[in-house]
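Colleague: Start from the sequences, fold in the hints, and give me the full structure.
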Amino acid sequence: MVFWGNLLNWVIWVPIVAAFVLLLIPEQRTRFQGWAVLAVTLVEFFLSTALLRAFPRAGYAFTLDLSWIPPLGAGYRIGVDGLSVLLIVLTTLLTFLGAVYSREVIRKHVRTYWIALLLLEGLLIGVFAARDLLLFFLFWEAMLLPMFLLIGIWGHERRLYAAFKFFLYTMAGSVFLLAGVLYLGLKAGTFDLDALRGVAQNLPLHVQTLLFLGFMIAFAIKVPVVPFHTWLPDAHVEAPTVGSVLLAGVLLKMGTYGMLRFAIPFFPSVAVRQASLWMALGVAGILYGAWMSWVQKDMKRLIAYSSVAHMGFILLGMFSFTVYGLSGGMLQMLNHGISTGALFFSVGMLYERRHSRLMEAFGGVAREMPVFATILGIVAMSSLGLPGLNGFVGEFLSLLGAFQRSHLLGALGVAGVIFAAVYLLHMLRQVLFLTPHQPREPLMDLNPREFFVFLPLLILIFWIGVYPRPFLRVLDAPVAEIQRVIRPHLSTSLQTRVQEPQHTPEVYP
Amino acid sequence: MKAMISVLLPELVLTGGLLISVLMGAFASRKTTRALTPLWILAALLTLLLVFYSGTGLAASTLKVGPFERFFDLLFLLTGLVGLFLVWDALPDRPREFEFLYLSALIGMMLLGKAQELITLFFALELLSFSFYFLVGYTRDREASLEGALKYFLMGAVSAAFFAFGIALIYMTTGTTVMTELFRSGLGTDSLTLLGLLFLGVGLLFKVAAFPFQFWTPDVYSGAPTPVVALLNAAPKAAGFLALLRVWYLLYDRSGPHWAGVLVWVAVLTMFFGNWVALRQKELKRMLAYSTIAHVGYLLTALLIRDVLALKALAFYLTGYAVMTLGAFAVLQYVDAIRPTTRDLTGLAQRRPLLAWSLTLFLISLAGIPGTVGFATKAFLFYGLIKQGYITLTVLAFLNAVISAYYYLQPVVAMFMMEGDHAATRRAEEMPWTTSVVQVMALLVVYFGVFPFTIWNFLDQLFRRMG
Chain A
1 MVFWGNLLNW VIWVPIVAAF VLLLIPEQRT RFQGWAVLAV TLVEFFLSTA
51 LLRAFPRAGY AFTLDLSWIP PLGAGYRIGV DGLSVLLIVL TTLLTFLGAV
101 YSREVIRKHV RTYWIALLLL EGLLIGVFAA RDLLLFFLFW EAMLLPMFLL
151 IGIWGHERRL YAAFKFFLYT MAGSVFLLAG VLYLGLKAGT FDLDALRGVA
201 QNLPLHVQTL LFLGFMIAFA IKVPVVPFHT WLPDAHVEAP TVGSVLLAGV
251 LLKMGTYGML RFAIPFFPSV AVRQASLWMA LGVAGILYGA WMSWVQKDMK
301 RLIAYSSVAH MGFILLGMFS FTVYGLSGGM LQMLNHGIST GALFFSVGML
351 YERRHSRLME AFGGVAREMP VFATILGIVA MSSLGLPGLN GFVGEFLSLL
401 GAFQRSHLLG ALGVAGVIFA AVYLLHMLRQ VLFLTPHQPR EPLMDLNPRE
451 FFVFLPLLIL IFWIGVYPRP FLRVLDAPVA EIQRVIRPHL STSLQTRVQE
501 PQHTPEVYP
Chain B
1001 MKAMISVLLP ELVLTGGLLI SVLMGAFASR KTTRALTPLW ILAALLTLLL
1051 VFYSGTGLAA STLKVGPFER FFDLLFLLTG LVGLFLVWDA LPDRPREFEF
1101 LYLSALIGMM LLGKAQELIT LFFALELLSF SFYFLVGYTR DREASLEGAL
1151 KYFLMGAVSA AFFAFGIALI YMTTGTTVMT ELFRSGLGTD SLTLLGLLFL
1201 GVGLLFKVAA FPFQFWTPDV YSGAPTPVVA LLNAAPKAAG FLALLRVWYL
1251 LYDRSGPHWA GVLVWVAVLT MFFGNWVALR QKELKRMLAY STIAHVGYLL
1301 TALLIRDVLA LKALAFYLTG YAVMTLGAFA VLQYVDAIRP TTRDLTGLAQ
1351 RRPLLAWSLT LFLISLAGIP GTVGFATKAF LFYGLIKQGY ITLTVLAFLN
1401 AVISAYYYLQ PVVAMFMMEG DHAATRRAEE MPWTTSVVQV MALLVVYFGV
1451 FPFTIWNFLD QLFRRMG
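Those protein sequence lines, which keep their order, are chains A and B.
So the first sequence is numbered by our numbering: it starts at 1 and just counts up by one.
So the second sequence is numbered by our numbering: it starts at 1001 and just counts up by one.
The reader is advised that the hints may include incorrect statements.
Calculated lysine-lysine pairs in the DSS-like style (CA-CA distance at most 30 angstroms, straight line) [stated by the list, open to error]:
hint: 1; chain 1: B; residue 1: Lys1282; chain 2: A; residue 2: Lys108
hint: 2; chain 1: A; residue 1: Lys165; chain 2: B; residue 2: Lys1151
hint: 3; chain 1: A; residue 1: Lys187; chain 2: B; residue 2: Lys1387
hint: 4; chain 1: A; residue 1: Lys297; chain 2: A; residue 2: Lys108
Which stretches of chain B does chain A cover? Using the computed rule of at least three CB atoms under 8 angstroms from a CB of chain A, they are [stated by the list, open to error]:
hint: 5; segment: 1073 to 1087
hint: 6; segment: 1347 to 1361
hint: 7; segment: 1365 to 1372
hint: 8; segment: 1378 to 1389
Label-pair ranges, simulated between beta-carbon atoms [as the list claims (entries may be wrong)]:
hint: 9; chain 1: B; residue 1: Met1004; chain 2: A; residue 2: Pro70; range: 49 to 55 angstroms
hint: 10; chain 1: B; residue 1: Arg1343; chain 2: A; residue 2: Glu157; range: 32 to 38 angstroms
hint: 11; chain 1: B; residue 1: Tyr1249; chain 2: A; residue 2: Thr230; range: 34 to 40 angstroms
hint: 12; chain 1: B; residue 1: Tyr1053; chain 2: A; residue 2: Ala39; range: 50 to 56 angstroms
hint: 13; chain 1: A; residue 1: Val371; chain 2: B; residue 2: Val1440; range: 52 to 58 angstroms
hint: 14; chain 1: A; residue 1: Gln28; chain 2: B; residue 2: Ile1338; range: 29 to 35 angstroms
hint: 15; chain 1: A; residue 1: Leu66; chain 2: B; residue 2: Pro1432; range: 47 to 53 angstroms
hint: 16; chain 1: A; residue 1: Val199; chain 2: B; residue 2: Pro1257; range: 24 to 30 angstroms
Hints are computed from structural coordinates only; laboratory data are not their basis.
None of the values given here were measured: they were computed from a predicted structure.
Every residue gets a Cβ at the ideal spot worked out from N, C-alpha and C, and that includes glycine.
Modeller: As structure tokens, then:
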């Protein structure tokens, strides 16, 4: 009874069960499948927004704790806090929009596509909902297959290479994660997160350091943090539009989410010790991502590298461990999903029209597609952090946090904001305004379906940009929780600096 | 006498079935013998039921039957049963002796798992092996089949020689061949006994195809008929590991950690070798053969766990492995080619989506992706390993799983991502049983993957019931 009455449980399993049911519908009935998937993802989105009603609150909501593998102490434990719930809603929203977008675009292996999409959705939600380390790992790793299929079947020219690189790179990262998971589970006799925390913190320091690094390598590959980022450009570029949207929008967040949920709370003393290292890697990501974006000719590749830069901001904010930095980092996770998702949708729509991702293939798009141009402009501005749009809030808070810890890293981070303006404006100029070298067939402006895909994202962009308070309030408790865990490990001078605001930062009245 | 009969009831029933099949072979026409397959299936089912109701204990101090052995009886019989269904579909023109050999192989496995005495062990091993020499080479008109059978036979003979020599050495120094006595007396810490035990181990390593004694595997797999490979892959390996476990404990008892180090190396080399060579295979059965070697590498690490956890992990792993490989070979049975390659699967996702998804499931399960039984079994095994302190070994094993993902995904690529349609598949109506086998195994892969505790529970219950 407990199992069926839990809303979160439904949110996890509805898409997965739907995927299996879809396997029974005859292949030829593509129209029916399309509508069915649309309905499922829409219902899924509304179910997940219903989760939001329980927030803001401290602790976990919709918790469920059932016995799963007793001799190992692994349980079916789920529950969400503010951070998880925002990421879950982001997942369901992007999947729904992806389904709307794909209905007219995907032509081959339609049923397989829907199955992969629904499986991916359910597993991603599972990742954010798991309160048991083994359960988390199960969702985390199982997600590889649908993504592999998405890239490998519907991707572009080098899709096989990209799919394998993605699969093997991520799996290799998980090796240390799984070893760490099993080790911790063995020490504690359970995989329950709350119980593990107490056990993990009492391990000898060198063991903690090793485990922390093991966890962080897996998460850093997913984020990706700079030396581990090489899978990302290939996967993002070769994936089909919706694949890129979900990759950038949600999958990357699994990495930062993992750090916030597991690596940092489990090993706070190590995290504090290594904070500068990870902040520096974040800055490296910001600068390197920006630099690489600037030289790209392929729009998808440009956006892919810009993701590296944006995830750098999240890392920078998180590892400052200040209230500003943490809430900025968490909010930026949401923001990046929205803006980069929208950017990938835009590129996908351009690609549909001219079958090229190169910037030089376009030009003067603003004249032919005014609506699209306006939207792309807004989305790009949100991505580069124009005040009044969502990107600004997250980046500003992250940088504020970083400045409290280190002026140098903060300053370098700010430079990254400027570089972001450089490459994104460069792209806008090339695609929207420059007159093309030779006359080309004019492009059709957005159709209602495509406009509809952008609409919710645009609303969110403005909403978070102008009035982020409801979102920050939902993130309040998770930030406070991390702070509570981390504070005893900070040196006293840092403690006072980090502690300053006693409540949610209210940048806006 | 009565107690002994009760203990050995399953084997006796199977032997009865075996005798009937011999008689049938001699007197009945070929057509009638073939129509009798349901009878063998019935015999296997009956034996299966008897396993639950027959007693436990020692039979003439040569066979030990406990809950653990009974569990493996079930595993052999179920695998054999599934194998019989596959045989029914795939080999309509099999000779009359086929069932006879098949049943004798099953009896061999069941005895091998229980043998407490070295000569009995040797006898069971040979019974099993000889049956398989014939089964492997049964398609006499095909060169590959004969080559596989010959290689298998020669390698088997070498391993048998090792084994027999090992027994001779042990008997020479200790004067007994009963394992319990060997354990009890603490006899034979001298180098000759150790050498004998080592020879026993080598003989068994041949059987389970561990590095560097693995080289018969690929040829046998690519030459033998698919249903025979399906059985050969799952069941005798389990029996071999049971015997290996016993010999290993004897060896460990005497010279301990030193040999553990050797075993670690053998395991690591086995998995690396298997996975490395499998990377380059285009032929599916050869690929699965090398992947088997890799899995033997993982399984060998279970011997390092000095705990009841080892038994459970081994039982669980072998069960999961049987489920997923039986499924994979059942799918291969559909491919209308003598030596199916990855190319032969091209376009299968379009033509037979259920089949393609099932094979994908079996393959990612073999690779150890969570949500499948392959992950659950690996997780249990490595949990035990980490408990024992073998962390580096665990990380190496995981790395191997990553390597293996590359080749396990190749068929998936062919089925889903390649253009064109080369899939020369047989029609579903031709193979009604194979279809059911694929479906059941696919369900089991997911079920045991999501609820791994069911097998564990079952094992615990057996232990409780049989003491």
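Colleague: Look at each hint and say if it fits the structure.
Modeller: To see whether the hints hold, each was checked on the structure:
Restraint check for lysine 1282(B) and lysine 108(A): satisfied, since their Cα atoms lie roughly 26 angstroms apart, inside the 30 angstroms limit. Taking the CA atoms of lysine 165(A) and lysine 1151(B), the gap is near 38 angstroms; set against the 30 angstroms cutoff, the hint is violated. Straight-line distance between C-alpha atoms of lysine 187(A) and lysine 1387(B) comes to about 9 angstroms, which keeps the hinted pair within the 30 angstroms bound. Under the criterion of a C-alpha separation no larger than 30 angstroms, the hint pairing lysine 297(A) with lysine 108(A) is consistent with the structure, at around 28 angstroms.
Evaluation of the coverage hint for the segment 1073 to 1087 of chain B: breached, as 0 residues show C-beta separations to chain A shorter than 8 angstroms, against a requirement of three. Coverage of the segment 1347 to 1361 of chain B by chain A holds [criterion: at least 3 residues with CB-CB distance below 8 angstroms; count 6]. Requiring three or more residues with a Cβ within less than 8 angstroms of a Cβ of chain A, the coverage given for the segment 1365 to 1372 of chain B holds, as 3 such residues are present. Using a Cβ-Cβ cut-off of 8 angstroms, 6 residues of the segment 1378 to 1389 of chain B lie near chain A, which meets the minimum of three, so the contact claim holds.
Checked against the hint of 49 to 55 angstroms, the pair methionine 1004(B) and proline 70(A) fails, with Cβ atoms roughly 37 angstroms apart. Checked against the hint of 32 to 38 angstroms, the C-beta distance between arginine 1343(B) and glutamate 157(A) comes to roughly 21 angstroms, which is inconsistent with it. Taking the beta carbon of each, tyrosine 1249(B) and threonine 230(A) are about 47 angstroms apart, not inside 34 to 40 angstroms as hinted. At about 52 angstroms, the beta-carbon gap between tyrosine 1053(B) and alanine 39(A) stays in the expected band of 50 to 56 angstroms.
The hinted range of 52 to 58 angstroms is satisfied by valine 371(A) and valine 1440(B), whose Cβ atoms lie roughly 54 angstroms apart. Here the CB-CB span from glutamine 28(A) to isoleucine 1338(B) is close to 33 angstroms, well matched to the stated 29 to 35 angstroms. For the pair leucine 66(A) and proline 1432(B), the beta carbons lie near 38 angstroms from each other, so the given range of 47 to 53 angstroms is not met. Look at valine 199(A) against proline 1257(B): about 29 angstroms separates their beta carbons, and that is inside 24 to 30 angstroms.
Checked against the numbered hints above, the structure breaks hints 2, 5, 9, 10, 11 and 15 and satisfies the rest.
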